[in-house]
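*Asks:* Sequence:
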Amino acid sequence: MTARTLRPMSVEEYLRSEETSPYKREYVGGYVYPLHGTRAQAGATGVHVRIGLNIVRAIDDAALERGCYVFTSDMKLRLEGADNFYYPDVMAVCGGDEQSLSASFQTAPSLLVEVLSNSTAKNDRIAKHAAYTTLPSLQTYLIVEQTKRKVYAYQRSGKGWQASELVGQDLIDLPYLGTTLALEQIYRGLPI
Numbered sequence: 000m001t002a003r004t005l006r007p008m009s010v011e012e013y014l015r016s017e018e019t020s021p022y023k024r025e026y027v028g029g030y031v032y033p034l035h036g037t038r039a040q041a042g043a044t045g046v047h048v049r050i051g052l053n054i055v056r057a058i059d060d061a062a063l064e065r066g067c068y069v070f071t072s073d074m075k076l077r078l079e080g081a082d083n084f085y086y087p088d089v090m091a092v093c094g095g096d097e098q099s100l101s102a103s104f105q106t107a108p109s110l111l112v113e114v115l116s117n118s119t120a121k122n123d124r125i126a127k128h129a130a131y132t133t134l135p136s137l138q139t140y141l142i143v144e145q146t147k148r149k150v151y152a153y154q155r156s157g158k159g160w161q162a163s164e165l166v167g168q169d170l171i172d173l174p175y176l177g178t179t180l181a182l183e184q185i186y187r188g189l190p191i
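If you read the sequence shown in numbering that gives the first Met the number 0, its first letter stands for residue 0, the second for the next number, and so on.
Derived by calculation from the structure, the hints in this document are not laboratory data. Positions of the beta carbon are idealized from the N, C-alpha and C atoms, including for glycine. Be aware that a few hints might be false.
Said to hold, decoys possible - In silico EDC-like links for lysine to aspartate or glutamate, alpha-carbon gap of 20 Å or less:
hint, residue 1, residue 2
1, Lys-121, Glu-144
2, Lys-147, Glu-183
3, Lys-23, Glu-11
4, Lys-149, Glu-164
5, Lys-23, Asp-59
As the list claims (entries may be wrong) - Here are the computed distance ranges between Cβ atoms for each label pair:
hint, residue 1, residue 2, range
6, Glu-183, Glu-12, 39 to 49 Å
7, Gln-168, Leu-5, 41 to 51 Å
8, Ser-103, Val-166, 35 to 45 Å
9, Thr-44, Glu-183, 15 to 25 Å
10, Ser-16, Ala-81, 18 to 28 Å
11, Glu-64, Gln-168, 20 to 30 Å
12, Gly-159, Arg-6, 35 to 45 Å
13, Trp-160, Ala-81, 12 to 22 Å
Construct the complete structure from the given sequences, taking the supplied hints into account.
*Replies:* Encoded structure:
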């Protein structure tokens, strides 16, 4: 069996074909990649999904009070300069208007969260970190472990980024949402 040859695709073709695709695909550098590698149709683990749900539950009310919207992994993120499209596990967008709710992608997130899995860990830590931290609107990028209670937090600090590794009872400050996010909230109800 030979590997499929990737062929370039336009942004327009990607957006059109993504509407009818049986699984989510990310678009990077003109090429389409199935999300979760060969498990694209199977989806993520229950722990992965619950972590994302716990984060949404923990921050959604505070976000709405600030005029921000929180999205799950079904909302695409577009990096306009590079014309790349990703499906972050959780995304909070502040400063948008109600029209942005009818869009199929967002462009100015304040918070992005990726939950690590074996098939995506390297990409989340390297390629997505490099891409996401170029976004002028982004204030926080969280990389969340799903096999142990550990979160890697990248917070905008002046013109640079401050990295921290959070464990135990640590809190993540999200001032643009007017709240904090505790590791206890992220891992609530999970045997981790």
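*Asks:* All hints are to be evaluated individually against the structure, with a verdict given for each.
*Replies:* The hints, checked one at a time:
Restraint check for Lys-121 and Glu-144: satisfied, since their Cα atoms lie roughly 12 Å apart, inside the 20 Å limit. Restraint check for Lys-147 and Glu-183: satisfied, since their Cα atoms lie roughly 12 Å apart, inside the 20 Å limit. With a CA separation close to 16 Å, the supplied pair Lys-23 and Glu-11 stays within the 20 Å bound. Of the supplied pair hints, the one linking Lys-149 and Glu-164 holds, its CA atoms being roughly 7 Å apart against a limit of 20 Å.
Pair hint Lys-23 plus Asp-59 does not hold up; C-alpha atoms about 24 Å apart against a cutoff of 20 Å. Take Glu-183 and Glu-12: their Cβ atoms lie about 44 Å apart, and the range 39 to 49 Å holds. One distance hint, 41 to 51 Å for the beta-carbon pair Gln-168 and Leu-5, holds here, with the actual separation near 45 Å. Checking the proposed 35 to 45 Å range against Ser-103 and Val-166 shows it holds: the Cβ atoms sit about 37 Å from each other.
The hinted range of 15 to 25 Å is satisfied by Thr-44 and Glu-183, whose Cβ atoms lie roughly 20 Å apart. With their beta carbons about 19 Å apart, Ser-16 and Ala-81 fall inside the hinted range of 18 to 28 Å. A hinted range of 20 to 30 Å for the beta carbons of Glu-64 and Gln-168 is consistent with their spacing of about 25 Å. For the pair Gly-159 and Arg-6, the beta carbons lie near 38 Å from each other, so the given range of 35 to 45 Å is met.
Between Trp-160 and Ala-81, the C-beta spacing of about 19 Å keeps the proposed range 12 to 22 Å intact.
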